[in-house]
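Novice: The lines below spell out each chain.
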Amino acid sequence: MFGAGGGTVSYEEIEEVDVILLWGSNAREAHPIFFHHLMTGLDNGATMFAVDPRRSSSSKFADVWLGLNLGSDVAMSNTVAREIINQGLTNREFIAHSTTGFEAYAKSVEPFTLEVGEQITGVPASAIAEMARAYATADKAQILWTLGITEHHNGVDNVLALCNLSLLTGHIGRWGSGLVPLRGQNNVQGGGDMGALPNKFPGFQDITDPEAHAKFSELYGVDLPDKNGLHLTLMFEAMERGEITSAYIIGENPADSEADIEFARATLRGLDTLVVQDIFMTRTAELADVVLPASVGWAESDGTVTSSERRVQRVRAAVTPPGEAWHDQDIIGELARRMGYDWGKPTSEELWDELRSLSPLHIGMSYERLEDGGLQWPCPDLDHPGTPFLHGWLWEDDLGGHPLAPFSVVEAAGPKEELSAEFPIRLTTGRALDSYNTGVQSGGFDSPIRYGDALDVNPADADRLGIADGELVKVSSPRGSVEMAIRIQPEIPVGLTFTTFHFPELVDINVLTSDAWDKKSGTAEFKAAAIRIDKISANAGEGESNG
Amino acid sequence: MSEQSTATISTVTVSINGSSVTVPEGASLKDACGVAGVEIPTLCWAANLTPANACRLCVVEVENSRTLVPSCSRQVEEGMVVQTDSERVHHSRRMVLEFLGSSVDLSQADDLARWSKAYGADPDRYGNSPARIEEEIKIQDNLYIRDYDKCVLCFKCVDACGDDAQHTFAIAVSGRGFGARISTEFDVSLPDSACVYCGNCVAVCPTNALQFKSEFDLREAAAWKPEEQTVTRTVCSYCGVGCNLEMHVQDNTIVKVTSPNDHSVTNGHLCIKGRFGWQYVQPVATE
Amino acid sequence: MADLHLTEDRASATEVAAIDAAIAAVSLDPAVVHETERLVRSGTKRKNDRRHGLLPALHALQKESGWISPGGVNHIAEVLQVPPAEAFGVASFYELFRVDGAPDQEDDVVHVCVDAACQIAGADQVIADLEAAGKQVHRSPCLGQCERPVAQFIQGRRKPDWVEADAEDELWNLPQKHDPSLKLLKRVGRIDPTSLDSYVGVGGYAALSKAFALGADQVIEEVLASGLMGRGGAAFPTGIKWQGVAGESGQKHIVVNADESEPGTFKDRTIMENDPFALIEAMTIAGFATGATKGWIYIRGEYPLATKRLEGAIVAAREAGFLGEGIARSSIDFDIEVRRGAGAYICGEETALFNSLEGFRGEPRQKPPFPTTNGLFDQPTVINNPETLLNVLDIVQDGGATYASTGTGGSNGQKLFCLSGHVNRPGTYEVEFGPTLGDLLGLAGGATGELKAVLLGGAAGSFIGPDMLELPLTMEATREAGLSLGSGVIMAFNDSTDFPAVLTRLAEFFKNESCGQCVPCRVGAVRQHEMLVRTSANPSEADSQLLNEMDQVMKDASICGLGHTASTAVRSAIALGLIGGQS
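Residue numbers (my numbering), protein chains in the order written: chain H, 1 to 547; chain L, 1 to 287; chain V, 1 to 583.
Hints in this document: simulated from the structure, not taken from any laboratory.
From the three backbone atoms N, C-alpha and C, an ideal C-beta is built for every residue, glycine too.
Treat the hints with caution; some may be incorrect.
Said to hold, decoys possible - Pairs of lysine-lysine residues, derived as DSS-like cross-links and limited to a Cα-Cα distance of at most 25 Å, are as follows: (1) V:LYS159 x V:LYS135; (2) V:LYS47 x H:LYS60; (3) L:LYS138 x L:LYS225; (4) H:LYS107 x H:LYS520; (5) V:LYS210 x V:LYS294; (6) H:LYS60 x V:LYS45.
As the list claims (entries may be wrong) - Pairwise CB distance ranges, derived in the manner of DEER restraints: (7) L:SER189 x H:ILE536: 30 to 40 Å; (8) V:LYS367 x H:GLY45: 20 to 30 Å; (9) L:ASP110 x H:LEU382: 32 to 42 Å.
As the list claims (entries may be wrong) - Residues from chain V that keep clear of chain H, each with C-beta distances beyond 10 Å, as calculated: (10) ASP20; (11) ARG51; (12) GLU131; (13) GLY134; (14) ASP166; (15) PHE212; (16) LYS294; (17) GLY410; (18) ARG479; (19) GLU480; (20) ASP495.
Kindly produce the complete structure, drawing on both the sequences and the hints.
Specialist: As C-alpha cells, then:
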C-alpha cells in the first residue's frame with residue numbers, strides 16, 4: 001500500500017471510466033447508490049468484468065463474469081499481471097518513474113501462466129487474458145472490491161495483489177482511474193480516520209511515530225501508549241488467555257457477528273467485566289454486566305461520518321433520544337469524569353475542531369464548510385476544495401517528495417480451511433439488499449423482498465444430495481451445526497453454497513464460519529468455510545414430499 | 001474537478017421576455033428562464049431525471065417556431081427569442097391544467113393547484129361525466145401505496161425505476177392513449193414484480209399517486225400535518241456510501257425520508273435501507 | 001445487463017421454440033451466454049444491441065399462443081434481457097398483440113376496418129355477420145385497403161396472416177394499367193413481383209448502375225436538383241435529408257417508412273406488393289449516396305402480401321449480389337431488413353417508428369434533434385416514404401433537372417393519389433402534378449351519387465366541399481388554401497353519408513391512436529370525442545368554441561403531428577356544415 005487507507009477515487013469518476021473490474025463485491029445489493037454511479041458508467045459505454053465465485057446480482061451487469069474458485073483471488077491477479085507483462089502491456093514509463101520492486105514482482109508472477117491461472121481459478125484462460133488486456137489498455141480503469149477480497153485469511157495479500165495491478169498499468173492517481181474498497185458500514189471509514197485502529201492516531205498517524213505521539217500526549221496531558229494495541233481477533237485471543245479481563249464495547253455486536261461464534265460468546269461470558277454501550281439490547285448486551293443506553297448516532301445526535309470516497313459529512317439530530325439514552329460522547333465524558341478527568345460537556349463541533357487541530361487530513365473541514373455536501377480528505381486548509389482522487393503525486397516529476405510506490409510480492413494461498421471428504425462443500429456468506437449485518441437495524445422494518453435465511457445450493461448439488469427447494473437440512477462445519485432451509489439457485493456454481501449473515505436469531509450462521517484470520521488485518525475468513533449438508537431425516541423428508 | 005473543467009465552457013445568449021441571458025452551451029431553455037428569474041411550471045421535469053417531455057406544461061414561444069417548444073428539453077441556441085408569457089403560452093398551460101384537472105385527482109398536488117388558479121383553469125367545462133382515470137388504490141405492502149387516480153402519467157416514476165437511476169425496471173407505461181397506465185408486467189403485485197422498494201418512484205411523484213405508507217396512514221387518520229414537520233439532513237446509517245437523508249419529522253416521529261436532489265452521492269435517490277430502514281429508531285409503532 | 005426479476009410463469013416448449021426462432025431470424029443470439037459454468041457474457045452492450053429483437057419476438061409469441069402470455073414474456077425477457085414490465089408495456093401498445101388473457105377460441109382473428117371508407121360501405125353489418133358466424137372479430141382502424149371495402153385482415157393462429165382479397169389478384173388490378181404516361185407505377189402489372197429477372201428485364205437496376213457511374217455526391221446533387229419532396233405528408237425536400245446524412249459519420253441507416261396507416265392511404269401497398277424490387281433498388285441508391293450500409297423497411301403489420309413480396313425480393317436481390325457486401329461488384333455494402341409493425345397509427349410518425357423498431361413503445365421523440373443526426377439507434381438516418389424513394393429511380397436515370405421540369409414548378413414530378421369512398425373506380429392513381437381535384441375524381445370515374453364532400457389528406461386532413469373541385473392538387477395550391485395533400489388521400493362522400501357518424505368515428509380514431517405520452521393529445525383527443533358523442537355530432541356554438549380552444553393546445557403543445565392534426569378534420573366538417581349548426 002502506499003498511503004492512508006481510503007478509496008482513491010470519487011464515485012462520480014466511475015461514470016466516465018472505460019473498464020471496471022468488480023472483484024469480490026456485490027455492490028448492487030451492498031452499496032446500491034454507489035452502483036447507480038457504476039450503472040451510469042456502463043450506460044456511458046464502460047466494460048465491466050465481475051470476478052466473483054458467485055454470479056451475484058452485480059455480476060449480471062458485467063460484460064464478462066469470471067466465476068473463480070473461492071479464495072483463488074491472488075492466483076487470478078497474478079495471472080492477470082503475468083499476462084499484462086507478457087503481452088508488453090505494462091505502463092513502462094510509470095513503473096520506472098513511480099514504483100519500486102517491479103523486477104522481483106515480475107519474477108514472482110512468472111509461474112502464473114494462463115494455463116496455471118485457469119487451473120487454479122477454474123476460469124477459462126482466454127477470459128483471464130481478455131480481462132488483462134482490457135484493463136491494461138483502458139484509458140481509465142478502476143478496481144472495486146468489498147468483503148469478497150478482505151474477509152479471507154489472506155485478505156491483505158488479496159488487496160496488495162490488486163494494488164499491484166494498478167501500479168503495473170498506471171491506473172492510479174489520475175481522474176477516473178483508481179482503487180475502490182467499498183466500505184460496508186456507514187462510518188467504518190470514519191472510524192479509521194478517527195484512529196479507531198490499534199496502530200493509529202486520528203488522521204492515520206502512527207502510534208509509534210514519536211512526533212505524533214508527542215503531539216497527542218501533550219494535548220491530552222497524558223503519556224499515551226506508544227506501542228500498537230490489539231485488533232479485535234487478537235483481543236479475543238487475549239481474552240481467552242486471560243490477559244484481557246474486561247471489555248467496553250460500543251455499538252458492536254460480536255456475540256452475533258464474529259466468525260466461529262460459539263468461541264466468541266464463551267470468551268465474552270468469561271470476562272470479569274463487560275460493559276456494552278448500544279442502542280439495542282443485542283445478544284452482546286445481554287451478556288454484559290453493565291449496559292449503557294446510547295442515542296442513535298445518525299438520527300438523534302450531531303457529528304460527522306466519512307464515506308467510502310473519503311467524504312466527511314454531517315449527521316444531525318432529527319429526533320430526540322428516548323428515555324434515558326445519552327449521546328455517546330456524553331456517556332464517555334461522564335465515564336471520564338468519574339475516572340477523574342472532567343473535560344466538561346463539549347459539543348460535537350468542539351470535539352470536531354479538536355480533531356482538526358490534530359489531523360492534517362481534516363484541518364480545512366470546518367462545520368461551516370461541511371454544511372451541504374461534505375468534503376473529501378485530505379483537506380489541509382480552509383481554502384482547500386477537498387481531494388476527489390488520491391495519489392496524484394505518483395505522476396508528479398518529484399513524486400511530491402513521496403517514496404516510490406512498492407510492488408508487493410504476494411503468495412497465492414487458497415482458503416485456510418480445505419475441503420475434505422467430511423466437509424466437501426464450500427460455504428460463503430454475504431449481504432442481501434434489504435438487510436444489514438446482524439439484522440438488528442434492518443429487522444426493524446417490514447421488507448416485502450426479504451427471503452430470510454436460506455442456503456443457496458446449485459441444482460446439481462441438490463440432486464446429488466437428494467434435497468429439495470425449501471427443505472430444512474442440517475449444515476455442519478468443523479465447528480458446529482445449524483438447521484436451515486435450502487434455496488435451489490441455478491446461478492451458484494456447483495460445489496459452492498451461499499447464505500447471508502443477517503438473521504442470527506433464525507440461523508446462527510457464524511457457528512459454521514471459519515476461525516482462520518488474517519495476521520495482517522485481524523479480519524476473519526467469513527468468506528470460506530468447509531461444510532457438509534445432511535438431510536435431517538430421510539424418512540421425514542420423504543414423508544414431506546409425499547404429502 | 002472533472003477533466004472537462006479545464007476546458008473553457010462556451011456560452012450561448014438568448015432573449016427571454018426581452019431580456020438577454022447568457023447560459024452555458026447545452027443548457028435548456030428552462031435553465032435559461034431560471035437565470036432570467038422566470039418560473040416555468042412543470043410536472044414531468046425533475047433535476048435528477050432526463051426530461052420526459054410529456055406534460056407540456058413548460059412550453060414557451062420561440063420566435064420562428066411553428067409550435068410551442070418544451071423548455072425542459074429544448075437546448076438553447078444562439079439568438080433564440082423566447083416569450084414565456086404570451087397569450088399562446090398561457091392558453092396551452094391553462095388547457096393542460098384543465099385537461100389534467102378534468103381527468104385526474106389532483107387533490108394532493110399542491111403545485112398544480114397553485115398553477116391552476118394562476119392560469120385560470122376551469123376543469124369543469126367538459127360535460128357532466130368526462131372520462132377520468134379511475135383505478136382502485138393499490139396497498140400491497142407496508143412501505144408504499146399506489147393511487148393511480150392521482151397519476152398524471154409524467155413518466156418520472158418509470159424513469160427513476162429505470163435507466164435514470166435504479167435500473168430495476170419494475171414498472172413501465174402500458175397501454176396506449178387515455179388507457180395508458182403505469183404498471184408492472186400484467187399488473188402483478190409489487191412484491192411479485194422486480195420492485196426492490198427503493199422508493200425512488202415515490203420520491204419523484206408530483207401528485208402523491210405514489211405515497212409512503214407512513215404518510216398514507218397519517219392522512220387516512222387526518223393526522224398528516226406538513227406545516228408542523230421539520231426536515232433534518234443527515235447521513236444514512238447503513239453501508240459506507242454516505243447517502244444523505246432528509247428526515248421528515250412530525251411530533252418527534254420520523255414520518256418519511258427523502259434525499260436532496262442536488263447531492264453528488266445520491267442525486268435524490270436511495271435504496272430500501274436508506275428509504276425505509278429508519279423504523280428501528282422508533283420501534284414503538286406510531287398509532 | 002440487469003438483474004432481471006421474473007415471475008414464476010414459464011413459457012411452453014412451443015412458445016420457446018417460436019420465440020427463439022424469431023430472434024434467430026433477425027440474426028440475434030441470446031443476450032446472456034454461458035460459455036462455461038464459470039464464464040458468462042452479458043452486460044449493457046449485449047442487452048442494448050438486442051433490444052430490436054423484441055418486436056419480432058412478440059409477433060412470434062402472439063402467433064403461437066394467440067396472446068402475449070406471461071410465460072412467453074418471461075422467456076423473451078430472459079433471452080433479450082428486456083425487463084418484463086417493459087416488454088409488457090411494449091406489447092400492450094399495439095393493436096395486434098393481445099395482453100388481456102388467453103383467447104377463448106383457437107381460431108384466427110378477423111380484423112375488420114371500421115374507418116370512414118369501410119364505415120360508409122357497411123362495416124358494422126359485416127362485423128355483425130362475422131360475429132353471428134362465430135368468428136373472433138376485432139374492430140380495427142384503417143387497414144389500408146380502402147379501395148376494396150369492407151377491408152378485412154386475418155391474423156392467423158400458428159399460420160401466416162392473410163388478406164382474403166389478396167389471393168385473387170396475382171398481378172394487381174391497377175385502374176391505369178398500361179397507361180403509357182405512368183412512371184412510378186409503370187411496372188405494376190407488367191412484371192412478376194416475385195422475379196428479379198422480370199424486374200431486370202424491364203430495366204431494373206439500371207438506375208443503380210447509373211448511380212455508381214455518377215458517384216455518391218452527384219447522386220445527391222441530382223436529388224437536390226430534382227426538388228423532390230417527401231410524399232408521406234410533410235413534403236420535406238428529400239435531397240436535404242440525404243445531404244445531411246451523407247455529411248455524418250459512423251453507422252448510418254436508410255429507413256423506409258412503410259407503416260402506411262393514415263386512413264384512406266394504400267398507395268405504398270400498391271408499390272410494395274407489385275414492384276418490390278424498385279423500392280429495394282431505390283433504397284440501395286440512397287445507401288450508396290449517403291454512405292449508409294444498413295437499410296430497414298418498417299412495414300405495417302396488416303400488409304402480409306407486401307411483406308412477403310419484399311422479403312422475397314430481398315432474398316432474391318441478395319442472392320444475385322444486389323444486396324450484401326460488395327453489391328453489384330462494387331465496394332459498397334448495403335443490406336436490408338424488413339420489420340413488421342404491430343398496429344399503431346402513431347408508428348407512422350418517424351421518431352415513433354424508430355422507437356418501435358428499436359423495441360420500445362412507439363412514442364414520438366422530441367425534435368430537434370432530427371433523424372439526419374439522431375435517428376434509428378440514435379444514429380444518422382434517412383427516413384423516406386416508399387413513394388418518395390421510387391421517384392429517385394427516374395431522377396438518377398434522367399437527371400434531376402429533367403425531373404424538375406415536370407410538374408408545376410412548385411410541385412415536381414409524379415404523384416400517387418388514393419381514391420376511395422363514393423367514387424366509381426377506387427384505387428391508386430398516378431398523375432404528373434397539376435390536375436385538379438375534379439380531374440382526379442374524373443379519373444376514378446366520378447362520384448357515385450351526389451358529391452357532398454371530399455376528405456383530402458386522410459384523417460389528419462380536411463373535409464372540403466364540391467366547390468373545391470377546381471383546386472389543383474399541388475403542394476403550393478393546397479397550402480395556399482390552408483389544406484394539405486397529406487399522403488394523397490381523396491376520399492369522396494355522397495349525400496347518403498351519415499356525417500355525424502363518420503366524424504364521431506374519426507374523433508374516436510384519434511382518441512384510440514394517441515400514444516398517451518403528452519397531455520394535450522392524450523386528454524384532448526378524448527374530450528373531442530366525448531363532445532361529438534355528447535352532442536350527437538351537433539356541437540353548439542359554445543362547444544365549437546371549446547373545440548377551437550382544444551385544437552389550439554393540441555396544435556401548439558402536442559409532441560407530434562398526431563396531436564397537431566387531431567381536430568383538423570372535425571373543425572373542417574363543422575366549418576363546412578357537415579355536422580353542427582342543426583339545432
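Novice: Against each hint, give a clear statement of whether it holds in the structure.
Specialist: The hints, checked one at a time:
no. : hint                            : in the structure
1   : V:LYS159 x V:LYS135             : 17 Å, holds
2   : V:LYS47 x H:LYS60               : 11 Å, holds
3   : L:LYS138 x L:LYS225             : 23 Å, holds
4   : H:LYS107 x H:LYS520             : 24 Å, holds
5   : V:LYS210 x V:LYS294             : 21 Å, holds
6   : H:LYS60 x V:LYS45               : 12 Å, holds
7   : L:SER189 x H:ILE536: 30 to 40 Å : 33 Å, holds
8   : V:LYS367 x H:GLY45: 20 to 30 Å  : 25 Å, holds
9   : L:ASP110 x H:LEU382: 32 to 42 Å : 41 Å, holds
10  : ASP20                           : 19 Å, holds
11  : ARG51                           : 13 Å, holds
12  : GLU131                          : 44 Å, holds
13  : GLY134                          : 45 Å, holds
14  : ASP166                          : 45 Å, holds
15  : PHE212                          : 36 Å, holds
16  : LYS294                          : 21 Å, holds
17  : GLY410                          : 47 Å, holds
18  : ARG479                          : 44 Å, holds
19  : GLU480                          : 49 Å, holds
20  : ASP495                          : 60 Å, holds
Of the hints listed earlier, there is not a single one the structure fails to meet.
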